[in-house]
Structure formats: C-alpha cells, structure tokens
Amino acid sequence: MHDPTAIHIPPYPVRRNGTTIRIGVGGPVGSGKTALVAELCRRLADRFPIAVVTNDIYTREDAEALLRAGVLPAERIVGVETGGCPHTAIRDDISMNARAVEDLEDRFPELKLVLVESGGDNLAANFSPELVDCAIYVIDVAGGDDVPRKGGPGLTRSELLVINKVDLAPLVGSDVAMMVRDADALRAGAPTIAASVMHGDGFDGVVAWVVEAVEQQRWVAATSTARPDPHHRHDDHRHDHSHQPA
1 MHDPTAIHIP PYPVRRNGTT IRIGVGGPVG SGKTALVAEL CRRLADRFPI AVVTNDIYTR
61 EDAEALLRAG VLPAERIVGV ETGGCPHTAI RDDISMNARA VEDLEDRFPE LKLVLVESGG
121 DNLAANFSPE LVDCAIYVID VAGGDDVPRK GGPGLTRSEL LVINKVDLAP LVGSDVAMMV
181 RDADALRAGA PTIAASVMHG DGFDGVVAWV VEAVEQQRWV AATSTARPDP HHRHDDHRHD
241 HSHQPA
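Mapping of the sequence shown onto full-length UniProt numbering: position 175 corresponds to residue 175, and the numbering continues sequentially without gaps.
Treat each hint with caution, since some may be false.
Ranges of calculated distance between the beta carbons of each label pair, as one might list FRET restraints [as the list claims (entries may be wrong)]: (1) K112 / A185: 21 to 27 Å; (2) M198 / L67: 33 to 39 Å; (3) D201 / A69: 16 to 22 Å; (4) E64 / V172: 24 to 30 Å; (5) G200 / S95: 33 to 39 Å; (6) G144 / G200: 19 to 25 Å.
No wet-lab data here; the hints were simulated from the structure.
All of these numbers come straight from a predicted model, not from anything done at the bench.
The beta carbon of each residue, even a glycine, is placed where N, CA and C say it ideally should be.
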C-alpha cells in the first residue's frame, strides 16, 4: 500500500489564477465516489474552503446526498443533470460543468478546492484537462480483483487511484494486494491507495494526497496521462519553483 507522504513529488504548476485546485472524482457506479467526496469534505472543510459539483444523468441525487449529510453549506454544492452519457459531460462537452465550477469560483473567490464528481461510468471515462487539474479514480473490490488489469483511461491516466471497500475483500474473494500490484504496473509511478472510505482504513493517505495537491500545488502524474506535460504554464506567471524533484 502506498504512503503518499513518502513519495518524492515533483512540483507541477496549477491552472488559471493559481489559487483554486479542481480535482475530478470518477469511477464506476457504486464504487464509492460520493462517499469519498463527503468524507473529504468532512475532514478538510475546516482546513480550507471547498465546493462540490456533482453529475447525474436525470437527477441531482448525489448533490442531495451531500446536502443531507451536511458536509458543506448548501450554496457550495451544485448538482448538474447531464441528460446523457456521463463521460461526455466531463470529457467531450464540458460546458455544463465548466459553467457550474466557474460560477462557484466567482461567487466564492476564497475557494481553494473544487471537487467535480462524475456520474458513474466505465473504465474508459476520464476528465478533460480543461475541466480539472488532476483526477482521483475510484474502483472497489466488489467489482472483481481483475479490474486493474483491464486498464482504461480512468485507471491509467488518473493522478490518484483509490481501490475502495477493502473491508469487503474477504466476503467477495478479492485479493487487494494483487489489485494494487496490477494497478501499479499500469500507472507509471502515480499512486494507488487501497482504502475503505466507510470504515477509514487507508483513507488518511487519500486525505494527505489531496492536502498536498491543494496546499503544495503538486502531484505525481503517470507518464501515460492525457494531461499536458508537467512544465511551466506561463498564464499565471508563477516562477517560484524549480523543475527538480522535491
């Protein structure tokens, strides 16, 4: 299991104004995306200002679940009804999500983190680099321990892979250690964390990764990532870091 606090992480510049990090949260239906978003908000809302955009095809079910949980003020949770294939709204035509995120950033300029949760989709789903800065992809042991070997952009191009529901592994016959090894073989150095969002096992590593991304503005990118190369972006004229590993 990976400890993200022990990883030597090269600095990557952030986009736009250099103050708000957008992190996508994707994964198949039922893998635990909304639970992960809720738990991140519970643990980090007192540390820095957060907002959330959720995606559902015909409802605002995930946004309503977050509202019921009371993890953030209602005005910082926005539900997007995509009306179609979930990956289209986060990759191909991001206009609805982009408007939702930009509206939150305009209304709350103090925001440090916006979490964009996709609708449940298959392993081919991945976020556009124009929508988010980096992405967390969530799978779970109940989907089968062969899932990491199947690959797909969600697994290979996300900056953090979370294998969720490890507490259920004995019940469904999944080999968590094998899942982590298989994922590592595809991810070219980007971290994989085995965790149980519900019970807390391994979740401190997820929190540490998000804190590093927000406060240090850096993360490990797999060499297979579809995002732009990790070099300077000059639109915000930030030059306060080197290209050497931290």
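Item to check | Cβ separation of D201 and A69, checked against the hinted range 16 to 22 Å | outcome: holds (20 Å)
Item to check | Whether the CB-CB distance between M198 and L67 falls inside 33 to 39 Å | outcome: Violated - the Cβ-Cβ distance for M198 and L67, about 19 Å, lies outside 33 to 39 Å.
Next on the checklist: Can you tell me whether the CB distance of E64 to V172 sits inside 24 to 30 Å?
Outcome noted: holds (29 Å)
Checklist entry - Per the hint of 33 to 39 Å, is the separation of the Cβ atoms of G200 and S95 within bounds? => result Holds, at about 37 Å.
Item to check | CB-CB spacing for A185 and K112 relative to the 21 to 27 Å hint | outcome: Hint violated: Cβ distance 34 Å, outside 21 to 27 Å.
Item to check | Outcome for the supplied range 19 to 25 Å, where the beta carbon pair is G144 and G200 | outcome: Given about 24 Å between the Cβ atoms, the range holds.
The structure fails hints 1, 2 (numbered hints given earlier, in ascending order).
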